[in-house]
Amino acid sequence: MTNLSVSVPELQVRDDGWRESFRKACDLIAPVWPLDQWIAVNPFWGLRHLPATRADQVLNERGGINILMPAEYYQEAWEGGRIRDEDLRASIGELCDEPDPAGYLDWLGRRLNTSAPLPGSIPGALPGNSTDSADNKEQRLAEVVCDQVSKTCGAFFDQRQGRWSATSGGYDTDLFGFWLESVREDRSLDFRTGLAGARAFFKSVPDTMNEAIAESIKGIGVSGQELEALFHSLLLRVNGWASWCRGEDWRAGLEGASSDRCAELLAIMLVWESFGVGFASPAQKADWQKRRTRARRAGDQNDRSRLWVWQRAFELGYQRTLWQALGFGRAAETVSVSESETPDAQAVFCIDVRSEVMRRHLEVVYPGLQTLGFAGFFGMPIAHQKYGPFAPVRRLPGLLSAPYRLIDTNGSLREDLAENRALDQKEIVRESVRKAKYSSLSTFTMVETTGLAWAWKLLKDSLKRGQHRKGGHSPEGRLVHNHGGDPLADSEKVALVENMFRGMSLTGGFAPLLVFVGHGSHTDNNPNQAGLDCGACGGQSGGVNARLAARLVNEPQVRAGLAARGIRVPDYTWAIAAEHCTATDKVTIADRHLVPDSHLQKLADLEAGFEEAGVRVRKERATPLKLNGLTDDQLKEAMETRAIDWSEVRPEWGLANNGAIIFAKRARTRGRNLAGRVFLHDYDPALDGDGSLLEGLLAAPMIVANWINLQYFASVTVPEVYGSGNKLLHSVIGGNVGVVEGNGAHLRIGLPLQSVHDGTYWRHEPVRLTVLIDAPAERIESVIRRQPDVAALVENQWVCLYRMNGSGAERYDNGEWKRVA
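Just so you know, this note's numbering puts 404 at position 404 of the sequence shown, and the rest follows in order with no gaps.
Hints were generated in silico from the structure; no laboratory data involved. By construction, the Cβ of each residue, glycine as well, lies at the ideal position given by its N, Cα and C atoms.
Pair by pair, the computed Cβ-Cβ distance ranges are: (1) R568 x A686: 16 to 24 Å; (2) K151 x R414: 47 to 55 Å; (3) A686 x S731: 49 to 57 Å; (4) D100 x Q225: 31 to 39 Å; (5) P475 x H49: 44 to 52 Å.
PhoX-like mimics (lysine-lysine), calculated; alpha carbons at most 20 Å apart, straight line: (6) K218 x K203; (7) K619 x K586; (8) K386 x K426.
Please model the entire structure based on the sequences and the hints provided.
Here is the structure:
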């Protein structure tokens, strides 16, 4: 779908005009990450400067996208008691001037039928052949365009799979030049488009991208403010690949490099659009404009407004249960460990919603333990360089760059060289097999000659007897600067640890045993595996970051530096690392051989607590996994089997059903059953007089939680655009670029259907993130004023902001705080 004038006047195209519109349109697309580094992304991030309701309207006009659930979904929630009368009245009170619950109920009962998607574009309106119906004509050419562009992107960005690529690795030229060469050589183009002269048209396109853009804009006849709408709508037609290109640009920017992949893709789509305009008759253009105008008017904004009222009522229903779980309106209850006591141990968990369940049960079985919540990369912004010929792996949030590199080492240069040589040779053999597999000479003989060699592995995997590699002695890591490779100075290490401790509001009262608990999923043969790992670690497990944090805390020079900065870690405190497997709820301690004898009993107590808590967590998780009725041992075995079963599409539910993030001391939430739906980040307002700590939390962990929340939201409400479809049909393309369904070329982004739906019901409720903060109102408001992205999310209702006030909550509403009933 495009947003352009039907007439095609002679235009004088100003370079700066289209360049700015290009930039704005590309900025409207959210980035995505490769499969092996997959992180959840807010797909509406580029629209955060717009109110959520307006963004919904823009996406509907430009791409036929509705970001809410159909009316039937809210009707079921109402009939099932998920939305109550008080929720609906409160929603109407927030969003409308004249409350009328009866009218909204009557409207919902009529089950709104949403309007059909808008027509795609002028190319989409052109005839495919004389015998096609009008709808088929439009659909056929639109599919040809998207299919051709998608296949070109798949070939260009291929990292490993393609063996007959037209370029060496796909990066010898720019994307636009690669596409132009391929489309000019496509001898079937006239037939596939149904338009004689199609190939000749592309031969006449200027070789340079800027000239091609200027000529295309002149041919289409678009100017002024409509340029951005046109460009945005073109990118939405290939949203998956546009998101990938935007991710390429984003990651290049984090490294201080420049990239214009998204602009190159937009230029390609623009040339295709000018192709359509050039072949369209005036009557076809006029007909297209009339249909487009009718489609716009068909989108009844009154109906959309009513749907938003029901969406907000749905969210208020969740918030009502959250306030009840937190005990709002009742006297505060005491916790097991008073703040004046020194706990037996302290365990720092990732803020991940799955950690809430483990922390809650662990505190019950081990009352002397204090748990804390902090971003799961533990403030260690590193890229991890493993042994072998592999690129460093980022282990930090996608919003951040990696200033440091952690290089695996055994402490001996000779041993490190031997290890690297062995892995280099192993990779050479693997690469030789890959090349032989895809060679034109061996295509029909490779399977026959080597198939039996894989029979045992296939049988073993099918019988679910595969095993993960046992964690033996892990190599140490040498921490250096990413650029230059110089080791970190002691002062830099001290700064890292200080920022970590202050970030989790832990500056005193250290326990004898301090445990950093990272997490990972450890599932088998799952292209979406990184989405089940730690998002704060860039889609990796958090064990590496936890080990580094523990090691730095134990260094005498670091402790001395911390003491000079007002944080005294007692001599009797020993830091260790652990990793929580979220698929099996087993917690494994790292580097046990380094733990002093004086701490072995406390470690044994902690491990016993982890074991008992794991039993309880598995029982709680049994129902959504449909594993009820099993004994403890059977349940553990069943979950371990799911993790190693290569055919299992739901090894766990990940972060499904996330709904809120709380910034407060654990004492405010300890003992409360938050149902695994809440991100928990420790924050002590008494230690943050200037508000700088809260500013860092809202500008980073809150935004990460918002990305996760709206990734799941969109994968439910708009699965055809922002979800990756059916796992059973997935094919991995480009090595780690992403997935397509079947033999298609359209890149699918977001979460697969099986990650949010159990086959009968949605397992994720699409609600916007509730942000609850224990801090003075003035402090929160000052952060909103200083942080534009935070302000955009809050003021445009992409998150719902609340603050704790005694035993209740207040809602932020256009600069005012309103008490929650």
